[in-house]
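Participant: If you want the building blocks of each chain, they are given just below.
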Amino acid sequence: MMSPDLLDVRGVTMRFGGLAALQDVNIAVAEGQVFGLIGPNGAGKTTLFNVATGMQTPTEGTVRFGGESLLQTSRRFGTRRRRPHEITALGVARTFQNIRLFPEMTALENVMVGADAHHRQNVLDAIFRTPRQRREDNEAQQTAENLLQFVGIYKHANALASNLSYGDQRRVEIARALATRPRLMLLDEPAAGMNPTEKATLSELVLRIRDQGHTILIIEHDMRVVMGLCERIAVLDYGRKIAEGTPDEIQRDPGVIEAYLGSEAAG
Amino acid sequence: MTGSISDRIADAQGRAKALVRNGTGPVRAAAIRAREWWNGHRRWVQPLAWFVMIAIAFLLPLLDQWFTLPIWLQRATSGGTLSRVALFTLFALGLNVVVGFAGLLDLGYVAFWAIGAYTAGILTGAADYTKGLRAGTADLADKPVWEPWMWLILVAALAFAVIAGIVLGSPTLRLRGDYLAIVTLGFGEIVRITANNLDTVTVGPRGIASIPHPEIHAGPVDLAWGTLIDDKYYWLLLVFVVLWIVAIRMLDRSRIGRAWVAIREDEIAAGAMGVPVVRMKLAAFVIGASTAGVGGVIYAEQVNFINPPTFSILQSILILSMVVIGGMGSTWGAVLGATLVVLLPEVFREFEDYRFFVFGVTIVAVMAFRPQGLLPSRRRALELRGHTVEDHLPDVEVAEGESG
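Those protein sequences? They're chains V and C, same order as listed. For the first sequence, this note's numbering gives the first residue as 7, with consecutive numbering after it. For the second sequence, this note's numbering gives the first residue as 1255, with consecutive numbering after it.
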């Protein structure tokens, strides 16, 4: 059967020595969905993100994106692992749990780096200021300005990323990921460390991103944010998927309650 | 109540930071006014400033003929010293791309200088001549003379340095930090030792002599570069320095420059944002290598004699110290760093053997009081169209304590 899913994680196991960070995890994210990934600390959520962005190669299992293998690319002789920047070019972008902006660059420049993901100018183009270089740099700046406006921090465009407030840094990171024109956005705890007002703004931003046609896979600890945003949720615990369903189903699932609150509460 | 205390501490820290950033001292005010003036008049002031600077640089060796200079300034503006300044400026500019922009610690930079110099030594026929002379199969009549095609050696050396850069870079640039430093350190030594032992090609430890000085005879132009102290070497090198500064500034302001800084700041995030990390590192490495290759050719043609000990690890360290003193990632810093590191021992010649001590103390002082370098890189902040930075900076909220 042809899978209509945008991201299809199948049987993924990730072992670090004796520790299995992920064990036989299956997750399918349909195009246009906001898909939530929850679970206690150390459940393997970020590891799954790392696998889906090519930063770590799983011990077993396959990851397909839009029907293509995300892990490997074929070349004349055999296959080779896809590098992170190639996966970005395919249309997968992410943010990081512990914000990873380029601190010495301005917010605008940070986002321009993302926009450059689709640019092809080489060293000679840059030195001789060829038309391609001018067009691409103009385009990068335009994209970056538009996106900073979209996430609502246009007025800080020229501030160094390291000088921005925590919430604004998160938004620059989202803008930077959006600049790579992803079909799938992976958001790793975007609301962490935010106050309730900021969380509300963020939820609204995530929905606006979805409405622009991006599919979203989101890791989040704040249940109000998760339940409000996601159409489907998967729960990881000790590297295994223990439940998957709509927010209502997840909230009633005894296995999930046990994982979060302990066995007595479930009983 | 611990929450409120830590809140208050964070608040106080924030206010302190804001004060430093938005301080209202007279110096700061003057700096802002100067920058505003510069921004307002950039269109014609900038080219003019460039022109004046280049003109002054070109006239430096002539000062001695027009004015009576104090002895130390005479030494500093002699053709020999100035061409060393220009040569090392070129090297520092190249290494700054590798170390400063892309953040790759290259401790074997001298290897590419050696490759350039040996390319000149071998292609001009000086290597064969030196060998023949020692074997008794050649005599003074066979001494190589300059031919017009020999200018192409610059291109050949650039190509060889690029190839060497790719050969060394492609497998090793996947390494990070310290590992890369050690591999490049090894590469520098390999090149020197190869030059020492590959007698048939490089004439070995006794070196290559009689590398011809360059000449141009084209119509009305009739130039012949002379011995070591000829001012013309300085002018030749200065042309390359200017070309390289322009090229590097262009790179810095392009996708390539952004990619380098992104890699330097956070390699993992850069990869995740679509920066082809290894390819961009290789580009930086190769640009650095080609710079040293070109400089090496002019060096060999100037000093006329090269041998392996010239290209010791010490030279790599010296060039690196120029970049660090000037300010990593800053083009003008590299120029200033190279100028100081070459000139200081010359200027302090009165101190005789102590001049290197004075030089060392100066370097330690710079690093102690200005660890970011003399002209730290202030990344050209890209400005929104139609706005200035000052309109926005004071709005910046201060990061919360927890942001880390």
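What the hints contain is simulated information worked out from the structure, not anything from laboratory work. Bear in mind the structure is a predicted one, so any value in this text is a computation, not a measurement. A portion of the hints provided could be inaccurate.
So these bits of chain V aren't anywhere near chain C, every CB distance computed over 12 Å [unchecked claim]:
(1) G84
(2) Q127
(3) P202
(4) S209
Cut-off 25 Å, straight-line C-alpha distance, at most; resulting in silico cross-link-like pairs (SDA-like, lysine to any residue) [said to hold, decoys possible]:
(5) K161/V to E1290/C
(6) K161/V to R1282/C
(7) K161/V to R1603/C
(8) K161/V to A1285/C
(9) K161/V to W1292/C
Label-pair restraints from in silico Cβ distances [stated by the list, open to error]:
(10) G199/V to P1599/C: 48 to 58 Å
(11) R21/V to V1421/C: 28 to 38 Å
(12) T252/V to R1533/C: 37 to 47 Å
(13) V1421/C to T136/V: 45 to 55 Å
(14) T1448/C to G23/V: 24 to 34 Å
(15) R1533/C to R21/V: 50 to 60 Å
(16) Q78/V to P1599/C: 54 to 64 Å
(17) E1521/C to A36/V: 54 to 64 Å
(18) L213/V to R1282/C: 42 to 52 Å
(19) A1309/C to Q78/V: 37 to 47 Å
Glycine included, every Cβ here is placed at the ideal spot set by N, Cα and C.
Participant: Confirm or reject each hint.
Facilitator: Results of checking the hints against the structure:
1. For G84/V, the condition that its CB be more than 12 Å from all CB atoms of chain C holds, with the nearest at approximately 20 Å.
2. At the 12 Å boundary, the C-beta of Q127/V falls inside the reach of chain C, the nearest C-beta of that chain being 5 Å off.
3. Residue-level check passed: P202/V sits 15 Å from the nearest beta carbon of chain C, beyond 12 Å.
4. With a minimum CB-CB distance of about 20 Å to chain C, S209/V clears the 12 Å threshold, and the non-interface call stands.
5. With a CA separation close to 19 Å, the supplied pair K161/V and E1290/C stays within the 25 Å bound.
6. Our distance criterion of 25 Å between C-alpha atoms is met by K161/V and R1282/C, whose separation comes to about 23 Å.
7. The hinted pair formed by K161/V and R1603/C fails the criterion: a straight-line CA distance of about 55 Å is larger than 25 Å.
8. A hinted pair counts as satisfied when its Cα atoms are at most 25 Å apart, and K161/V with A1285/C qualifies at roughly 23 Å.
9. Between the alpha carbons of K161/V and W1292/C the distance comes to roughly 23 Å, so the proposed pair stays at or under 25 Å and holds.
10. For the pair G199/V and P1599/C, the beta carbons lie near 53 Å from each other, so the given range of 48 to 58 Å is met.
11. The hinted range of 28 to 38 Å is satisfied by R21/V and V1421/C, whose Cβ atoms lie roughly 36 Å apart.
12. About 44 Å separates the C-beta atoms of T252/V and R1533/C, a value consistent with the hinted range of 37 to 47 Å.
13. Restraint check, V1421/C to T136/V: a C-beta distance of roughly 28 Å breaks the suggested window 45 to 55 Å.
14. For the pair T1448/C and G23/V, the supplied restraint of 24 to 34 Å is violated, since their beta-carbon distance comes to about 42 Å.
15. Evaluation of the 50 to 60 Å hint for R1533/C and R21/V yields a failure: the beta carbon distance comes to about 31 Å.
16. Under the hint 54 to 64 Å, the C-beta atoms of Q78/V and P1599/C, about 57 Å apart, fit the expected range.
17. The hint said 54 to 64 Å for the Cβ distance between E1521/C and A36/V, and at roughly 33 Å that hint is violated.
18. About 43 Å separates the C-beta atoms of L213/V and R1282/C, a value consistent with the hinted range of 42 to 52 Å.
19. A C-beta distance of roughly 58 Å is found between A1309/C and Q78/V, which places it outside the suggested range of 37 to 47 Å.
Hint violations for this structure: numbers 2, 7, 13, 14, 15, 17, 19, all remaining hints satisfied.
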